[in-house]
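**Q** Could you put the whole structure together from the sequences, leaning on the hints where they help?
Residue numbers (our numbering), protein chains in the order written: chain A, 850 to 1120; chain B, 0 to 112.
Careful: at least some of the hints might be erroneous.
[As the list claims (entries may be wrong)] The calculated EDC-like cross-link candidates involving lysine to aspartate or glutamate, where the alpha carbons are at most 16 Å apart (straight line), are:
1. A:Lys-988 to A:Asp-853
2. A:Lys-1118 to B:Asp-4
3. A:Lys-1043 to B:Asp-70
4. A:Lys-1043 to B:Glu-69
In short, the hints are calculated from the structure, not lab data.
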Amino acid sequence: MATDTRVILICSGKGGVGKTTLTANLGISLARQGETTAVLDADFGLRNLDLLLGLENRIVYTAQEVLEEECRLDQALVKHKQESNLSLLPAGNPRMLDWIKPDDMKRIVEMLSDQFKYVLIDCPAGVEDGFKNAMHASKEAIVVTNPEVSAVRDADRVIGLLNTNGIKPVQLVLNRVRPKMMANQEMLSIDDVKDILALPLLGLVLEDEQVIVSTNRGEPLTLNSTNSPAAKCYLNIARRLQGEEIALIDPAKEIAGFGAKFRRLMQTKIF
Amino acid sequence: MTLRDIIYKLLRRQPASASTARERLQLVLAHDRSDLSTDLLDQMRKEILEVVAKYVEIDMDEGAVSLETEDRMTALVANLPIKRTLNGQIKLLETAKEKKEKSENLEGGLTNS
Ligand SMILES: Nc1ncnc2c1ncn2[C@@H]1O[C@H](COP(=O)(O)OP(=O)(O)O)[C@@H](O)[C@H]1O
Ligand SMILES: [Mg+2]
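**A** Here's what the structure looks like:
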């Protein structure tokens, strides 16, 4: 049994902030770095992880059949075509929500921990049972949020719950950062969000159209175009997770052209 | 305050929205984290003022009991300017400075994580 398995909950409170996209890209990146990685779709109500990874047509069994002992774990796991270190355990039927218990999640994760170095749990939105079951099975957590009031508020709720349940460490990923809006002070800054939530920042992800393109294809960004802005961000996050020290990108430096210097000047703190 | 804020002020334009977002968030999170309903908070505010009013006359218009939050710690902060003590001795608030000092003396912290 691999006792040093890292079981990481990827959660947010609010929906649509980028949990599933982060899970898929971290899975690919970690696998590529040679780590055996399982991604577990715990969003039984609105499963999507299979689609983002391009594995939707290869699902035979799901977590449900594993729990009901209708199949073995390795029969349900879907191995990624290009990155053989990565496997997906698909979410079962949405009706699973009615009967699955915290200890069921724990059992699944324990089974996965025998075989994998990383287990990434793609969490449903909200702070109800789906989230709580997944939290019960996790050791550490990544909270994903956007620089927007509603996303930050919901993240705060989740962080409160993670803290009271002894999940450690809890780190922050700030997704959909728009450098121009930040420079114009029309978007909460990196420091604003970090200070308000009082969490260490694991990384930020720039707003990037390529994320949508890659979703269309079912090929996470980090699989091919490692040069797009968001792909670089996801890769950095994976490497920091592995303990490497990599400086955060400075959104102000991501703005090209003439306006950049001016915007920086305008951000000068006077008092 | 940034250079942009100052220029906006001079031009009487609305300040950039990020600072508004930050302030609104800090306020709403102080309440979320304390898990106190507005009703309970109002009730507590009223009772605190009643207790203090037994000993000193406070300026009800200026006084404030609010929740503030920093670093995931929530504090109950009372800022209660004193008009005069109740033993008849009128303490005139001549200078704003004096008033501030007094109210600071009354500032109490109550942590609540
Ligand atoms: N960095 C980004 N840049 C642009 N679009 C993004 C980014 N991250 C996520 N998205 C888009 O936001 C939507 C929600 O993302 P998803 O990962 O499904 O969120 P969640 O799992 O939290 O509900 C998707 O359409 C996705 O393509
Ligand atoms: Mg999702």
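**Q** Each hint needs a verdict: does it hold in this structure or not?
**A** A quick look at each hint next to the structure:
Taken as a hint, the Lys-988 of chain A and Asp-853 of chain A pair is honoured in the structure, with Cα atoms around 11 Å apart against an allowance of 16 Å. With a C-alpha separation of about 9 Å, the suggested pair Lys-1118 of chain A and Asp-4 of chain B falls inside the 16 Å cut-off, and the hint holds. Of the supplied pair hints, the one linking Lys-1043 of chain A and Asp-70 of chain B holds, its CA atoms being roughly 10 Å apart against a limit of 16 Å. Distance hint between Lys-1043 of chain A and Glu-69 of chain B is fulfilled; the C-alpha atoms sit about 12 Å from each other, no more than 16 Å.
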